[in-house]
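Taken in sequence, the protein lines are chains A and B. Quick note on my numbering: the first sequence kicks off at 2 and runs consecutively. Quick note on my numbering: the second sequence kicks off at 68 and runs consecutively.
It cannot be assumed that every hint is accurate.
Said to hold, decoys possible - Examples of chain B residues lying across from chain A (beta carbon under 7 Å, computed):
#1 L147
#2 W151
#3 A159
#4 L163
#5 A170
#6 I173
#7 G177
#8 I180
#9 K195
#10 I205
#11 Y214
#12 D346
#13 F350
Worth flagging that the hints you see were computed from the coordinates, not collected in a lab. Idealized CB from N, CA, C, for every residue including glycine.
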Amino acid sequence: MNAPSITTPAQTQAATTTFDLSAALKDAFKAALITFGLSIPILSFRTEQSGADLFLSSRWGLALIVTAIVFGLRLLVHAYTASRSYRKATPSPKQATELVHAQPSAFQHVSKFAIPFFLGVAIAFPFLIYLVQGGLNESRYWIDLGILILTYVMLGWGLNIVVGLAGLLDLGYVAFYAVGAYSYALLSTTFGLSFWICLPLAGILAAFWGMILGFPVLRLRGDYLAIVTLAFGEIIRLVLINWVDVTNGAAGISSIPRATFFGIPFTAGEGGFAQTFGLEFNGMHRIIFLYYLILALALLTNFVTMRLRKLPVGRAWEALREDEIACRSLGINTTNTKLTAFAIGAMFGGFAGSFFAVRQGFVSPESFNFLESAIILAIVVMGGMGSQIGVAIAAIVLVGGPEVLRNLTFLKAVFGEGFDPNEYRLLIFGVGMVAMMVWRPRGLISEREPSVILKERKAISGSLVKEGHG
Amino acid sequence: MEIFVQQLINGLTLGSIYGLIAIGYTMVFGIIGMVNFAHGDVFMLSAFIALIFFLILTTWLGISSVALALFFVLIIAMVLTSLWGWAIERVAYRPLRGSFRLAPLISAIGVSIFLSNFVQVAQGARNKPTPPMIRDVIVLFQGESGYNVAISYKQIIIMVMTAVLLSIFWYIVQKTSLGRAQRACEQDRKMAALLGINVDRTISLTFVIGAALAAVAGTMYLLYYGVVSFADGFVPGVKAFTAAVLGGIGSLPGAVLGGLIIGLIETFWSAYFSIEYKDVAAFSILAIVLIFMPSGILGRPEVEKV
Chain A
2 MNAPSITTPA QTQAATTTFD LSAALKDAFK AALITFGLSI PILSFRTEQS
52 GADLFLSSRW GLALIVTAIV FGLRLLVHAY TASRSYRKAT PSPKQATELV
102 HAQPSAFQHV SKFAIPFFLG VAIAFPFLIY LVQGGLNESR YWIDLGILIL
152 TYVMLGWGLN IVVGLAGLLD LGYVAFYAVG AYSYALLSTT FGLSFWICLP
202 LAGILAAFWG MILGFPVLRL RGDYLAIVTL AFGEIIRLVL INWVDVTNGA
252 AGISSIPRAT FFGIPFTAGE GGFAQTFGLE FNGMHRIIFL YYLILALALL
302 TNFVTMRLRK LPVGRAWEAL REDEIACRSL GINTTNTKLT AFAIGAMFGG
352 FAGSFFAVRQ GFVSPESFNF LESAIILAIV VMGGMGSQIG VAIAAIVLVG
402 GPEVLRNLTF LKAVFGEGFD PNEYRLLIFG VGMVAMMVWR PRGLISEREP
452 SVILKERKAI SGSLVKEGHG
Chain B
68 MEIFVQQLIN GLTLGSIYGL IAIGYTMVFG IIGMVNFAHG DVFMLSAFIA
118 LIFFLILTTW LGISSVALAL FFVLIIAMVL TSLWGWAIER VAYRPLRGSF
168 RLAPLISAIG VSIFLSNFVQ VAQGARNKPT PPMIRDVIVL FQGESGYNVA
218 ISYKQIIIMV MTAVLLSIFW YIVQKTSLGR AQRACEQDRK MAALLGINVD
268 RTISLTFVIG AALAAVAGTM YLLYYGVVSF ADGFVPGVKA FTAAVLGGIG
318 SLPGAVLGGL IIGLIETFWS AYFSIEYKDV AAFSILAIVL IFMPSGILGR
368 PEVEKV
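Model the full assembly from the supplied sequences, consistent with the hints where possible.
Have a look at this one:
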């Protein structure tokens with residue numbers, strides 16, 4: 002956020018080195034008072050419905066607990082800033098030049114080993130779960146969770162091309178997900194096409210829609226573009242709901258054909274997957290196959306993105322994100338550059354959508370509302386716009402985290418029997434997005450690998466580039 | 068003809084509500100150039116505050132006069148929603164000044180998600196109906212086919228309230244020192260700061276005023292429809308933003324004009340074309356206006372500074 006600067010003696014003296022307890026208490030008290038004021042109507046009263054009438058019940062305890070939490074947090078923030086300014090006031094020689102010549106950070110040391118490790122875990126995941134749970138049927142829940150997480154990883158990587166690399170905020174990404182899902186659903190139920198033909202078709206159709214929607218809007222400035230993509234996303238959803246003749250409206254399309262193992266169906270009978278390979282029939286074969294399918298699709302997204310970054314078009318995206326006017330004066334066709342980012346991002350959204358349809362066997366417009374776009378955007382923002390591994394970690398934490406929390410029984414003992422972390426998931430997403438923008442605008446993983454290297458590989462601090470990418 | 072007049076009345080009522088919300092968008096955009104995405108949810112929150120205090124006043128404190136209760140509810144909702152508006156600006160937007168250009172918008176989306184889910188978790192996901200508060204209508208004239216054109220007291224209250232608040236507000240912006248400071252910050256924030264205007268305070272007050280007007284809109288919405296749910300912030304918010312852009316973002320009369328136009332288009336579209344596609348119409352207008360006339364009806368064309 003700040004320009005690189007070298008600490009001057011004057012600044013050193015200005016920094017407060019002592020922790021002013023009374024001022025901190027005063028401020029924390031103020032914050033607590035405001036929180037209490039904010040919580041008066043919504044938290045301390047609850048509207049209950051009985052029959053046609055509403056009546057109120059009060060719960061001041063909850064409001065007081067929240068107020069106390071804010072008070073404590075505020076004090077901690079003060080203590081933290083005081084200790085940080087103390088550290089800044091007594092700089093070590095290394096720190097003074099940190100911003101200019103960034104040392105390879107801990108993340109970069111770790112990432113060399115972490116990425117193959119994660120990949121290995123992802124590939125071995127069904128086997129690990131099989132060993133831990135001791136049976137195919139018992140591991141169903143975990144593999145389903147793995148599929149869900151990988152779907153979001155793929156969507157996050159797809160959106161990352163548009164938001165992270167090209168710097169275009171797309172609030173309607175779920176529209177392309179919907180186009181992919183409905184393409185497969187309609188093509189397979191109407192024309193009986195198989196999944197392997199529909200998958201590329203869904204990608205092409207989504208990319209086509211990306212271009213149709215993208216073309217008129219790409220000359221708009223950043224936040225207008227975001228709002229227009231939001232409008233398009235909603236229009237597509239509303240059309241899906243209301244165009245009953247084609248899409249079957251809000252009821253959705255059901256009994257979509259299942260995926261086949263390159264033509265061999267996962268059925269118990271003659272010519273099925275189990276019989277062909279001499280295995281005992283088990284419904285889990287299909288689930289495990291779906292797991293590897295989405296893993297392959299996600300890795301394809303990642304691979305294509307990494308290669309594109311090295312191509313002229315990928316470099317133009319990143320240049321565009323950093324400074325559009327400079328780009329234009331250097332002769333980059335900004336409209337075409339943006340359009341390719343939009344279309345390629347949309348294509349991966351389409352792939353993911355068609356996977357979604359084949360996995361669920363059912364699509365309805367309700368799966369493609371604005372909230373879904375917001376969740377994918379939250380994953381990209383919190384992971385660090387432009388960072389592939391960051392997006393993957395964010396997807397695992399944000400999608401898998403609430404599920405894991407739900408299984409922790411001691412939380413139920415603390416918060417009561419009806420506690421379901423999934424209820425609070427979006428609440429945490431919202432707070433997380435704000436917190437990320439305030440404290441770490443470059444996301445969890447702010448380091449970026451440069452795509453072109455002159456002579457030797459250097460670490461680039463996020464502070465040296467405008468939007469945090471090397 | 069009767070249907071036309073009736074829809075005109077309904078459309079103007081709806082448009083007044085949109086206009087009140089749109090002012091919040093337009094002012095914030097004018098002064099710091101950000102789309103306050105969370106404004107629709109602030110509006111929804113204010114409707115909940117109004118609902119809760121209406122219930123407190125009528126059932127616990129036993130105020131039987133609906134008009135008196137409404138008056139108090141309006142004041143309380145305005146105060147508490149202003150506090151929310153102030154706190155949101157302080158926590159989520161102020162630290163981001165000088166950050167990269169999409170940061171405030173992403174933060175605003177975060178606030179929007181937070182607010183709607185906060186209300187969902189705290190108040191439950193179901194629609195909250197209120198007993199109909201004011202039922203009387205005035206029959207304006209009777210058509211030949213027996214179709215009565217009527218204006219309800221609710222609609223009169225909403226339109227009169229909008230007009231009165233707008234005049235008060237117009238006076239503030241045009242005549243008081245706060246309004247001068249606001250207009251100065253809008254033109255050049257750095258210069259205004261050099262001339263001794265407390266820019267942070269002015270921006271905070273802009274959010275407070277926007278939230279207070281959203282609270283008026285929220286109370287009126289509750290009065291008019293008699294039902295509110297946690298998800299009600301999104302679509303009215305987008306429509307009000309459309310109104311702000313259509314009228315020319317940054318322009319106050321433009322926001323009201325845009326609100327009335329959007330309200331009229333929505334009601335006439337529902338009456339004459341199809342009610343299912345009314346939101347599609349609103350979103351399409353938003354896209355078309357942003358693409359083809361981004362400076363709106365009353366706005367100044369934007370000059371790109373290098």
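Right, here's what the structure says about each hint:
For the restraint placing L147(B) at the interface with chain A, the shortest Cβ-Cβ distance is roughly 6 Å, inside the 7 Å limit, so the hint holds. The closest approach between the C-beta of W151(B) and any C-beta of chain A is roughly 6 Å, which is under the 7 Å cut-off, so the hint is satisfied. Satisfaction of the interface hint for A159(B) is found here, the shortest Cβ-Cβ separation to chain A being roughly 5 Å, below the 7 Å cut-off. For L163(B), the interface hint holds, since its Cβ comes within 7 Å of a Cβ in chain A; the closest pair sits about 6 Å apart.
A hinted interface residue such as A170(B) counts as satisfied when its beta carbon comes closer than 7 Å to some beta carbon of chain A; here the least separation is about 5 Å, so the hint holds. For I173(B), the interface hint holds, the least distance from its beta-carbon to any beta-carbon of chain A being 6 Å, beneath 7 Å. A distance limit of 7 Å between C-beta atoms decides the matter here; for G177(B) the minimum to chain A is near 3 Å, and the interface restraint holds. Proximity of I180(B) to chain A holds as hinted, the smallest CB-CB distance being about 4 Å (cut-off 7 Å).
The beta carbon of K195(B) comes within 6 Å of a beta carbon in chain A, closer than 7 Å, and the hint placing it at the interface holds. With its C-beta approaching chain A no nearer than about 27 Å, I205(B) sits outside the 7 Å limit, and its interface hint is violated. Annotation: interface hint on Y214(B) violated; nearest CB of chain A at approximately 28 Å, more than 7 Å. For D346(B), the interface hint holds, the least distance from its beta-carbon to any beta-carbon of chain A being 6 Å, beneath 7 Å.
The closest approach between the C-beta of F350(B) and any C-beta of chain A is roughly 4 Å, which is under the 7 Å cut-off, so the hint is satisfied.
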